[in-house]
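Asker: The working numbering puts the first residue of the sequence shown at 5, with every later residue one more than the last.
FYI, nobody ran anything at the bench for these hints, they're computed from the structure. C-beta: ideal position from N, C-alpha, C; glycine also. Worth double-checking, as some hints may not be accurate.
Claimed, not checked - Across the chosen pairs, the derived CB separations fall in these ranges:
1) Val41 x Ser6: 34 to 44 Å
2) Ala32 x Thr60: 38 to 48 Å
3) His72 x Ala34: 31 to 41 Å
4) His72 x Glu10: 34 to 44 Å
5) Asp13 x Glu71: 23 to 33 Å
6) Ala32 x Ala70: 30 to 40 Å
7) Ser49 x Ala24: 15 to 25 Å
8) Ile33 x Glu53: 37 to 47 Å
9) Phe9 x Ser40: 17 to 27 Å
10) Leu67 x Ala12: 25 to 35 Å
11) Leu67 x Arg15: 17 to 27 Å
12) Ala14 x Val68: 29 to 39 Å
13) Cys35 x Ala12: 31 to 41 Å
14) Ser6 x Ser66: 15 to 25 Å
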Amino acid sequence: MSNPFEDADARYRVLMNDEAQYSLWPAAIACPDGWSVVHGDDSRSACIEYIEKQWTDMRPASLVRAEHG
């Protein structure tokens, strides 16, 4: 059985958690608790492109908030 997280032909979603961290997630697998779908169902490459455009600050949101008071 192939790894569903590495299947180039599968459909994917982009998930985001409360810390504004993103995850590439196979569309065939349920979204885990603490995460929300923000993009998809789409190709792996389109989801990666979405993440690259959206996730410009890798710091957790709580750290960004703490630094900016």
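Asker: With reference to the structure, classify each hint as holding or not holding.
Answerer: Verification of the hints:
A beta carbon spacing of about 23 Å between Val41 and Ser6 contradicts the range 34 to 44 Å that was offered as a hint. Taking the beta carbon of each, Ala32 and Thr60 are about 29 Å apart, not inside 38 to 48 Å as hinted. In this structure the supplied range 31 to 41 Å holds for His72 paired with Ala34, their Cβ-Cβ distance being about 34 Å. For His72 and Glu10, the Cβ-Cβ distance of about 37 Å falls inside the hinted range of 34 to 44 Å, so the restraint holds.
The hint said 23 to 33 Å for the Cβ distance between Asp13 and Glu71, and at roughly 41 Å that hint is violated. Between Ala32 and Ala70 the beta carbon distance is about 37 Å. The supplied range of 30 to 40 Å therefore holds. Ser49 and Ala24 have their C-beta atoms about 22 Å apart, which keeps the hinted 15 to 25 Å range intact. Checked against the hint of 37 to 47 Å, the pair Ile33 and Glu53 fails, with Cβ atoms roughly 21 Å apart.
One distance hint, 17 to 27 Å for the beta-carbon pair Phe9 and Ser40, holds here, with the actual separation near 19 Å. With their beta carbons about 33 Å apart, Leu67 and Ala12 fall inside the hinted range of 25 to 35 Å. Leu67 and Arg15 have their C-beta atoms about 32 Å apart, which leaves the hinted 17 to 27 Å range violated. Distance hint for Ala14 and Val68: a CB-CB separation of about 32 Å, consistent with the stated range 29 to 39 Å.
At roughly 21 Å, the beta-carbon separation of Cys35 and Ala12 lies outside the given 31 to 41 Å, and the hint is violated. A hinted range of 15 to 25 Å for the beta carbons of Ser6 and Ser66 is inconsistent with their spacing of about 36 Å.
Going through the hint list in order, the structure does not satisfy hints 1, 2, 5, 8, 11, 13 and 14.
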